[in-house]
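Chemist: In case you want the letters, here they are:
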Amino acid sequence: MKIRRRDFFPLAGAGLLAGYAGWEGVRSRRNAPAGPSPVVVVKASSYSDDLAQRILRGVRECGLDVRDQKVLLKPNLVEFDPNTCINTDVAVVAAAYEVFRALGAAEVIIGEGPGHRRDTYSIVEMARYREISKFDDLFVDLNRDDVSPVMKFADRAEMYFPNTALRADLVVSLAKMKTHHWAGATLSMKNFFGLVPGSVYGWPKNELHHIGIPESIVELNRIFRRSFAIVDGIVGMEGNGPIQGTPKPANVLVMGSDLAAVDATCCRIMGIDPAKVEYLRMASEGNLGNVEESHIEQRGEKISELRTNFALIESFRGLRLS
Amino acid sequence: MVDSYLGVRLDILRRAQNPDGGWSYYTGKQSWLEPTFYGALVLHGEPAADRAWSLIKSWQQPDGSWPPTADAAISGWGTALCLTLAHLRGDIDGTYMKGVAYLLKTVGTESELWRRALAKIGLVNPGRDLSLKGWPWKDGTSSWVEPTAHTLIALKKAYAILPAPELTERIHSGEALLLDVRCKDGGWNYGSPWTLGEDQRSYPETTALALLGLQRRAEAGSSIELAKTWLPDTPSSLARAWITIALRLHGVEVPDTLNPLKGPGSPDLMVVALEALGSAGGNYRFLKTEKA
Chain A
1 MKIRRRDFFP LAGAGLLAGY AGWEGVRSRR NAPAGPSPVV VVKASSYSDD
51 LAQRILRGVR ECGLDVRDQK VLLKPNLVEF DPNTCINTDV AVVAAAYEVF
101 RALGAAEVII GEGPGHRRDT YSIVEMARYR EISKFDDLFV DLNRDDVSPV
151 MKFADRAEMY FPNTALRADL VVSLAKMKTH HWAGATLSMK NFFGLVPGSV
201 YGWPKNELHH IGIPESIVEL NRIFRRSFAI VDGIVGMEGN GPIQGTPKPA
251 NVLVMGSDLA AVDATCCRIM GIDPAKVEYL RMASEGNLGN VEESHIEQRG
301 EKISELRTNF ALIESFRGLR LS
Chain B
1 MVDSYLGVRL DILRRAQNPD GGWSYYTGKQ SWLEPTFYGA LVLHGEPAAD
51 RAWSLIKSWQ QPDGSWPPTA DAAISGWGTA LCLTLAHLRG DIDGTYMKGV
101 AYLLKTVGTE SELWRRALAK IGLVNPGRDL SLKGWPWKDG TSSWVEPTAH
151 TLIALKKAYA ILPAPELTER IHSGEALLLD VRCKDGGWNY GSPWTLGEDQ
201 RSYPETTALA LLGLQRRAEA GSSIELAKTW LPDTPSSLAR AWITIALRLH
251 GVEVPDTLNP LKGPGSPDLM VVALEALGSA GGNYRFLKTE KA
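As they're listed, the protein sequences go chains A and B.
Using our numbering, read the first sequence as starting at 1 and increasing by one per residue.
Using our numbering, read the second sequence as starting at 1 and increasing by one per residue.
It cannot be assumed that every hint is accurate.
Listed next, with one range per pair, are the computed distances between beta-carbon atoms [what the hints assert, rightly or not]:
#1 Pro-19(B) <-> Asp-136(A): 23 to 31 Å
#2 Thr-109(B) <-> Ser-45(A): 40 to 48 Å
#3 Asn-83(A) <-> Thr-109(B): 47 to 55 Å
Covered stretches of chain B (chain A as the covering partner; in silico rule of three or more C-beta atoms under 8 Å from a C-beta of chain A) [stated by the list, open to error]:
#4 39–45
#5 68–74
#6 86–96
#7 194–208
Among the chain A residues that face chain B by a calculated CB cut under 8 Å, a handful are [claimed, not checked]:
#8 Arg-118
#9 Glu-125
#10 Met-126
#11 Ser-133
#12 Phe-135
#13 Asp-136
#14 Asp-141
#15 Val-200
#16 Gly-202
#17 Asn-240
#18 Thr-246
Hint data in this document are derived by calculation from the structure and do not stem from the laboratory.
Note that the structure is predicted; figures quoted are calculated from it, not measured.
The C-beta atom is built at its ideal place from N, Cα and C for all residues, glycine as well.
Isolated chain A, as found in the complex:
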C-alpha cells in the first residue's frame, strides 16, 4: 500500500504522538526524559560470545516492552572493506533479531539505506548479513523503499522517508562505535542517516550535509522518537572514521532508550567529552535526551573500568575527555 501525503497524518495518528514530532512542536515541548536515563553497558569480548543474552539483559533493564510492536532493526551498513570494521557486525544483528522476536514483537524487519555504495545487496553479501536465516525475507533496502513526506525538517518544508521506517512502532539503532571525520563520533543517533532514501536524495545523501550534519542528526532523532539503541562497541573504529579508520576493540555493547544518553556514554568510553560533540550539545539543549553524566543512570559495567581512548584526527583532538 502506498501512503500519500494527505494520508500521512491520519495514518501516523497515534504514532505521531509517540514517534514523530516536527521541529516547531518539539521545540515548544519539554520532552526530555523526566528522570535519569538508564543506559546499560555490558562486556562482550568477542562476536562469538552469547550476544543475545547480553542484549536481552539490556532490553529488560531498560524496561522496554515490544510485545505486538513492529520493530525495525537499523544496522550501520555503509560499505565493506575487509581490512577494517565499518559495519555493525552480523552477529549483533542476528542476536538482536532473535531477542526482539523472543520478546513478542509482532514483526521484526531489518532495514538500511547505505550512504555511499549504491549496490545495497552487494554490501549485505560482503558483510555476511545473508547468513541470517531468511534474511532476504526480513530485509528492506531503505534507499529504495516506497516513501512518504514528513513536514518540516530543519529549514526544509518537507523530507521524504521510507514507509517501512515511518510505519515502525520502534526503530532500533544497531550502531557501530566509531569516530567520524565530520561529526567527531558516529553512534546511535548519527546512524539514522541511513533512514534517508538515496533514491530521493542521492548517494551520498548530500542534502543532509547542506542542512548541517549536527542539525540533521538532531532532526532525524526528533522524527523517529520511538527508538532504542544497541551500539556495537565490541570492535569499534578509531582515527579517520567512519570508513577509513582502524579497528579499535572496546569490548562492549551499550544500550538504552534515550539515544543521546547512550551516545554520551559511548563517548565517555571512547575518551571523548560528549559536551564538546556538537550534535550531542544540540540534542541536550533541545531537550532531546540526557547527555550530562548526572542525568544518566549507568547500569552494568563501570565506564571508568572500560574507558579506552579512541584515536582522534587532528581537527577533533580538542574533544578528548580530560
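Given chain A, put chain B in place with the hints provided.
Modeler: Just chain B, lined up with the frame of chain A:
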C-alpha cells in the same frame, strides 16, 4: 541475438512491470523514475517501453525537471535520464526543451560565486577547480560524478539536434570537472578525490559512470585500463554491469565469460536492467554519445 543471459533478464523485467507502466527497484513497490528509465531502454521497441515513457513523461514538473518518483516533488538528476529517453524515442517537443533548459540552469552549489571567491582569496582549499560546473543529485546541493555523467549523456544527445553554444559550454565544463575530480589511482570516487587532505579511493561503479560521461575523450584512456582490471573481480553486480556498459561504449570487447552471473542474481530490478543493457545483445549503445 538474444542469449540466455539477456533472455532471463528481459523476462524478469517484462513480468515485473507495474500496472501503471513503471518499474520499482524491487517487485511490488511503487514505480520510480530510475528503474523505469532503464526498463524502457532495455525493452525499447516493445509496448512495455511505450507505457513506461507515457508514465514518466507525465511526471514532468513546472520547472522542467523530473522527480525521482510521482510522490516526491523533488527536482533532480532524473531529468537527464528522461531527456535521454525522449531523444531515443524522437519525442522532441516542448517537454524536452523545458527539460534541457532546466539542466542548463542547474549547477552544483560548490560553483556559487561566494564559494569561488573564498577559494580565490585562499580562505578555503576545495582541492578542485570551482569554476567547473557539474550537476547535483538534487537542486541546491553539490555536484557529484554520477548525476554529472548522466547529464553529459543527455546534453550531448541534445547537442546533436540543438547545437547551441550554451550546450557546448556546459558539456565542456562538465567533462573538465570529471577530469578534475579523478582520483590519483585513475578512477573516480563519488565527488571529490580527497577528503581532509587524504586521498579517496575510487570505486568501480562511479569510475564506469564517469567513463560514460567522457566518451570519445582521449584522457579517459588510463581509466579504461583501470576499469578493465576491475571487471573480473568486483563483487557488486551493479558495478560489473556499469563497467561492462562503459567498456563496450569505449569500444572494448568484453567477453561474456567475464560476467559470471548466468541466472538472476540481485533482487534489485535496476541491476537486472543494467545487466541486460550491458549484455552483448543489449541496448547499451543507446547511451553512446559523440563529442560536442
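Chemist: Each hint should be assessed against the structure and marked as holding or not.
Modeler: Structure-based check of all given hints:
1. Pro-19(B) <-> Asp-136(A): 23 to 31 Å: 24 Å, holds
2. Thr-109(B) <-> Ser-45(A): 40 to 48 Å: Because 47 Å falls inside the window, the suggested range holds.
3. Asn-83(A) <-> Thr-109(B): 47 to 55 Å: 34 Å, violated
4. 39–45: Since three or more residues must qualify, the claim that chain A covers the segment 39–45 of chain B is violated, with 0 doing so at under 8 Å.
5. 68–74: Satisfied; 5 residues make the cut.
6. 86–96: Check failed, 0 qualifying residues.
7. 194–208: It holds: at least three residues are needed, and the segment 194–208 of chain B offers 5 whose Cβ sits within less than 8 Å of chain A.
8. Arg-118: At 6 Å from the nearest chain B Cβ, Arg-118(A) passes the 8 Å test, so the hint holds.
9. Glu-125: The hint holds - Glu-125(A) has a Cβ within 8 Å of chain B, the shortest such distance being about 7 Å.
10. Met-126: Interface hint status for Met-126(A): holds (6 Å vs cutoff 8 Å).
11. Ser-133: 17 Å, violated
12. Phe-135: 11 Å, violated
13. Asp-136: 7 Å, holds
14. Asp-141: Status holds, d = 7 Å.
15. Val-200: 5 Å, holds
16. Gly-202: 3 Å, holds
17. Asn-240: Holds - the Cβ of Asn-240(A) comes within 8 Å of chain B, reaching about 7 Å at its closest.
18. Thr-246: This hint is violated: Thr-246(A) lies away from chain B, its Cβ roughly 13 Å from the closest one there, beyond 8 Å.
The structure does not agree with the numbered hints 3, 4, 6, 11, 12, 18 stated previously, though it agrees with the rest.
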